Amino acid sequence: MSYKKVILSEFGGPDVLVVETVTEVPEPGPGEVRVKVLACSAAYTDTLIRRGIYPDVKQKPPITLGYDMIGVVDKVGDQVGHLAKGDKVAELTILGSYSEYMVLAAEQLVQVPEDLDDLEALSLILSYVTAFQMLTRLAGVQAGDTVLIHGAGGAVGNALVQLGAAMNLKMYGTASISQHDDLRNLGCEPIDYKTDDFVLQMKSYEPQGVNAVFDSLGGNHFKRSLKVTADRGTLVAYGSYNAASSGGLIKDFLLVSLWGLLPWLPSTAFYSIGAWHNKHHDWFKEDLLTLFKWLSEGKISPVISQRMKLEEASRAHGLLDSGQAKGKIVLMVGL
Numbered sequence: 002m003s004y005k006k007v008i009l010s011e012f013g014g015p016d017v018l019v020v021e022t023v024t025e026v027p028e029p030g031p032g033e034v035r036v037k038v039l040a041c042s043a044a045y046t047d048t049l050i051r052r053g054i055y056p057d058v059k060q061k062p063p064i065t066l067g068y069d070m071i072g073v074v075d076k077v078g079d080q081v082g083h084l085a086k087g088d089k090v091a092e093l094t095i096l097g098s099y100s101e102y103m104v105l106a107a108e109q110l111v112q113v114p115e116d117l118d119d120l121e122a123l124s125l126i127l128s129y130v131t132a133f134q135m136l137t138r139l140a141g142v143q144a145g146d147t148v149l150i151h152g153a154g155g156a157v158g159n160a161l162v163q164l165g166a167a168m169n170l171k172m173y174g175t176a177s178i179s180q181h182d183d184l185r186n187l188g189c190e191p192i193d194y195k196t197d198d199f200v201l202q203m204k205s206y207e208p209q210g211v212n213a214v215f216d217s218l219g220g221n222h223f224k225r226s227l228k229v230t231a232d233r234g235t236l237v238a239y240g241s242y243n244a245a246s247s248g249g250l251i252k253d254f255l256l257v258s259l260w261g262l263l264p265w266l267p268s269t270a271f272y273s274i275g276a277w278h279n280k281h282h283d284w285f286k287e288d289l290l291t292l293f294k295w296l297s298e299g300k301i302s303p304v305i306s307q308r309m310k311l312e313e314a315s316r317a318h319g320l321l322d323s324g325q326a327k328g329k330i331v332l333m334v335g336l
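Quick note: the sequence shown uses my numbering, first residue 2, plus one each step.
To be clear, the hints were calculated from the coordinates, so they are not data collected in a lab. Possibly wrong hints are sitting among the right ones.
[To be verified] Using 20 Å as the maximum straight-line C-alpha spacing, the simulated EDC-like pairs for lysine to aspartate or glutamate come out as follows: (1) K89 - D116; (2) K300 - D146; (3) K5 - E25; (4) K204 - E115; (5) K286 - E121; (6) K310 - E121; (7) K61 - D16; (8) K171 - D232; (9) K224 - D182; (10) K5 - E28; (11) K195 - D182; (12) K86 - D57; (13) K89 - D79; (14) K286 - E108; (15) K89 - E115.
The structure presented is a predicted model; accordingly, all values stated were derived computationally and were not measured.
Based on the sequences and whatever the hints tell you, model everything.
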């Protein structure tokens with residue numbers, strides 16, 4: 002039986018993503034299962050891998066992108082006792098999910114409760130686990146703490162705001178003015194990043210600084226974020242949108258790591274979900290299951306802005322590159 006997947010033929014722009022038909026579906030080995038992919042995300046992180054500037058991925062083209070997926074177990078290999086054909090599963094794949102079928106290690110998969118919407122469950126794997134781990138495991142925020150969220154209208158930013166609301170945090174968020182009403186509805190005080198100086202704004206709101214700042218913008222922006230972080234607060238850097246655009250992602254990582262060693266500065270940390278997933282997969286499973294529970298209880302409500310076909314992966318990347326993607330893009334594979 003043949004199947005389709007999207008191949009990254011070389012590092013470059015969206016046009017290097019090519020749909021290919023493979024003549025035979027992969028077979029699971031011992032400890033593995035074959036998964037029929039239902040949906041995956043087209044994420045900003047995928048564009049960094051496509052351009053060859055994402056430090057956590059060393060593989061070279063031709064490769065298949067796809068940082069996460071939700072799917073159904075299609076065939077079970079030997080020595081797998083806890084999964085059966087038809088089980089719905091999720092995983093942070095890092096690579097490979099722009100495909101109709103995948104073979105994955107059974108122990109890595111997280112079972113998805115049947116009562117959850119497939120696309121909402123998918124939305125939790127990358128953006129919400131990232132947000133949850135930064136809030137709880139890195140910044141260690143508690144109810145009533147103050148936080149500043151940069152890019153509060155983006156995929157991870159929106160997840161931070163929704164989780165912050167569920168955790169009763171006092172929130173401020175930088176975003177375009179078109180997103181301000183949505184932020185206010187979630188209890189987040191908006192700051193227009195185009196017209197307002199967030200440092201001046203935050204000095205007036207929180208003169209002593211906030212307990213945590215979440216900054217994905219990189220470069221000099223990190224330095225400005227430190228100015229509004231409380232003495233015993235934490236600056237959490239992740240993503241580095243501007244640095245990635247200018248090729249400075251490694252520099253940002255080293256800079257934040259150095260700041261973390263200086264005792265007169267607030268605590269700093271650089272978060273990478275790929276690195277954390279590899280080092281602490283038990284945390285990933287635990288946190289994703291917690292988020293599935295919160296979703297089932299109505300504490301969070303993921304926002305999906307666009308649904309596209311797997312064959313439209315190149316167009317999805319074009320939207321991500323141009324900044325026209327407002328919210329999460331989902332690639333529909335087996336749905």
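We went through each hint and held it up to the structure:
no., hint, verdict
1, K89 - D116, "holds (11 Å)"
2, K300 - D146, "holds (19 Å)"
3, K5 - E25, "holds (10 Å)"
4, K204 - E115, "violated (47 Å)"
5, K286 - E121, "holds (17 Å)"
6, K310 - E121, "holds (17 Å)"
7, K61 - D16, "holds (17 Å)"
8, K171 - D232, "holds (18 Å)"
9, K224 - D182, "violated (28 Å)"
10, K5 - E28, "holds (15 Å)"
11, K195 - D182, "holds (16 Å)"
12, K86 - D57, "violated (32 Å)"
13, K89 - D79, "holds (19 Å)"
14, K286 - E108, "holds (10 Å)"
15, K89 - E115, "holds (7 Å)"
Going down the numbered hints, you'll see the structure goes against 4, 9, 12, while the others check out.
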